[in-house]
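Asks: The residues making up each chain are set out below.
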Amino acid sequence: MIQHIIFMVLTYIALLLQVTIREEFIIYSIVPSFPVAVLLLVCLHSKSRQALIWAGLIGFLIDTVSRGELGVTMFCALLCTGVLPAAWFNRKKISLIQFSIRALILCSLLIFSSMILRQFLQGTFEPNPEFFMTTFGTCCYTVLIAMVLRQFGMITRLFRRNSHSRLANQESAYI
Amino acid sequence: MSKGILILKSFKTASVLGFLALVLICLPEDQTDSIRNLVRESFVPGSEIISWVKNNSAQIKEIKVEPSKSNEETDKKTIALETEIELLKSRFLKLKSQNIKLNHQISSFQNNGKPEFKGKKTEPLFIPNLLEARILGKEITNKPYAKQILKIGSREGVSKENLVLQAEDLLVDQGNQQGISVDQMVLTGRTLLGRITQAGLHTSTLQLITDPDFRSRVHIYPADSGESIASGEGVLTGSKNNINCILKFVPTTQPVSVGDDIYTKETTGSLPSPVYIGKIIEASHQQDEQFWSIKVQPAMKNRHPDRVQVLRTIPNPKRLSAKLEPE
Numbered sequence: 000m001i002q003h004i005i006f007m008v009l010t011y012i013a014l015l016l017q018v019t020i021r022e023e024f025i026i027y028s029i030v031p032s033f034p035v036a037v038l039l040l041v042c043l044h045s046k047s048r049q050a051l052i053w054a055g056l057i058g059f060l061i062d063t064v065s066r067g068e069l070g071v072t073m074f075c076a077l078l079c080t081g082v083l084p085a086a087w088f089n090r091k092k093i094s095l096i097q098f099s100i101r102a103l104i105l106c107s108l109l110i111f112s113s114m115i116l117r118q119f120l121q122g123t124f125e126p127n128p129e130f131f132m133t134t135f136g137t138c139c140y141t142v143l144i145a146m147v148l149r150q151f152g153m154i155t156r157l158f159r160r161n162s163h164s165r166l167a168n169q170e171s172a173y174i
Numbered sequence: 000m001s002k003g004i005l006i007l008k009s010f011k012t013a014s015v016l017g018f019l020a021l022v023l024i025c026l027p028e029d030q031t032d033s034i035r036n037l038v039r040e041s042f043v044p045g046s047e048i049i050s051w052v053k054n055n056s057a058q059i060k061e062i063k064v065e066p067s068k069s070n071e072e073t074d075k076k077t078i079a080l081e082t083e084i085e086l087l088k089s090r091f092l093k094l095k096s097q098n099i100k101l102n103h104q105i106s107s108f109q110n111n112g113k114p115e116f117k118g119k120k121t122e123p124l125f126i127p128n129l130l131e132a133r134i135l136g137k138e139i140t141n142k143p144y145a146k147q148i149l150k151i152g153s154r155e156g157v158s159k160e161n162l163v164l165q166a167e168d169l170l171v172d173q174g175n176q177q178g179i180s181v182d183q184m185v186l187t188g189r190t191l192l193g194r195i196t197q198a199g200l201h202t203s204t205l206q207l208i209t210d211p212d213f214r215s216r217v218h219i220y221p222a223d224s225g226e227s228i229a230s231g232e233g234v235l236t237g238s239k240n241n242i243n244c245i246l247k248f249v250p251t252t253q254p255v256s257v258g259d260d261i262y263t264k265e266t267t268g269s270l271p272s273p274v275y276i277g278k279i280i281e282a283s284h285q286q287d288e289q290f291w292s293i294k295v296q297p298a299m300k301n302r303h304p305d306r307v308q309v310l311r312t313i314p315n316p317k318r319l320s321a322k323l324e325p326e
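Which chain is which? The protein sequence lines are A and B, in order.
Heads up: the first sequence runs through residues 0 to 174, numbered per numbering that gives the first Met the number 0.
Heads up: the second sequence runs through residues 0 to 326, numbered per numbering that gives the first Met the number 0.
Worth flagging that the hints you see were computed from the coordinates, not collected in a lab.
Please note that a few of the clues may not be correct.
Incomplete in silico selection of chain A near chain B, CB under 8 Å [to be verified]:
(1) L15
(2) R48
(3) E68
(4) G81
Distance condition first, Cα-Cα at most 27 Å in a straight line; then the derived DSS-like pairs of lysine-lysine [stated by the list, open to error]:
(5) B:K294 / B:K247
(6) B:K88 / B:K100
(7) B:K8 / A:K46
(8) B:K278 / B:K247
(9) B:K11 / A:K46
(10) B:K100 / B:K119
Simulated DEER-style distance windows between Cβ atoms [to be verified]:
(11) A:G136 / B:E83: 51 to 59 Å
(12) A:L143 / B:S14: 29 to 37 Å
(13) B:T77 / A:F151: 44 to 52 Å
These numbers come from a predicted model, not from an experiment.
The beta carbon of each residue, even a glycine, is placed where N, CA and C say it ideally should be.
Based on the provided sequences and hints, a complete structural model is requested.
Replies: What follows is the structure, encoded as structure tokens:
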């Protein structure tokens, strides 16, 4: 439960940073996505079903602070989290490299799919190398933030599981 | 719990949420805007905190920059500020002592009825004074109900079927209580506008110099002569057109020309100098006529100003204070 409260607080802070001081973090015209970084962290630290719920919730919140149709990022986040193997989620002992690779895959799928779908719906989709490069840069930057957050959480033991989670972990061992 | 059930549960969750997301995508913008606004409003307190932190951090940066300036410049500034403080201190002391002195004078006047300052007994007993007054006509006539209100009633013989005709006289918001009396001059922009014809308790009636019933003795001063001696005198009246004035009873033996200035004739002695009225714009006479036929253009620019000054005489406070002194 405490873990979820921490995730909620993190989500709020990430969205707040995204709408207020996002410009301060721009490097070479690459804009990070703080809510997506939290989404990666939350999804990769939760069970598959919980990860889906969190992905939907954070995706919906990202949509509310973004332009375009509501529900696009939510849909993409659900889709991307759903297609990933269930074994990727809720692993207690996961190395930083493993986390970063999984996070990069999830992040790339999410950001690319949501951006393409959004542009497609608006009728402004024009694939060009610059777009892909910038978007991939955003993905890398976001994963970097997620890694920093994960390491911070590991050091401060913010993401440690309670007894309920431990039981859930035992259940997930069957998956 | 078996693997299949867990997968089914996850699938169910994903399906429900996915369906919800698709519904949201299909919703029109005006409906989704309310949801967006609701979520965005929750960020208001947080964004205020962030902006406050940003502003404060900027101020801290500015403060940190200060010590990097050269010491010499800082010393100069400090010396200048110290000098300024000293000057202000001395000025403050001076004003403080002046304040004490004035307070003492007021309290002694209140206690003894004698002012500390002494006036001369040779001072004039009455002096001219201009009282600022407002024309009430505009304020009253602008109100929708005002046209139906008259300041006279049955006591003055007004009955139900009487006709109401518009009067040319203007109403000013000063009366007897403020020392206004009949025949006092009314000025606007230091030129003569008219005179008081009736003085009530709080209001008075003003007659313009262009009014046909207006009469006043005036002096003619030759234009461009540079002399301050009047070349003639006459009686100024209004005209029927209410725009210009007519100067009557100026003998043809007196020299009059177009452009000559018209001033009030000072008789009471209260005025330090005559008041300007206007210029002669037409002057003619027949051979057998005894008086000139003169038309005067009043100098007042606005015939219905918002504010006027009533020239009154008030007791001279300097003389009064001298009177209080023992013989």
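Asks: Are the hints correct? Go through all of them and say.
Replies: Right, here's what the structure says about each hint:
no.	hint	result
1	L15	4 Å, holds
2	R48	5 Å, holds
3	E68	5 Å, holds
4	G81	5 Å, holds
5	B:K294 / B:K247	9 Å, holds
6	B:K88 / B:K100	19 Å, holds
7	B:K8 / A:K46	12 Å, holds
8	B:K278 / B:K247	14 Å, holds
9	B:K11 / A:K46	15 Å, holds
10	B:K100 / B:K119	22 Å, holds
11	A:G136 / B:E83: 51 to 59 Å	57 Å, holds
12	A:L143 / B:S14: 29 to 37 Å	33 Å, holds
13	B:T77 / A:F151: 44 to 52 Å	47 Å, holds
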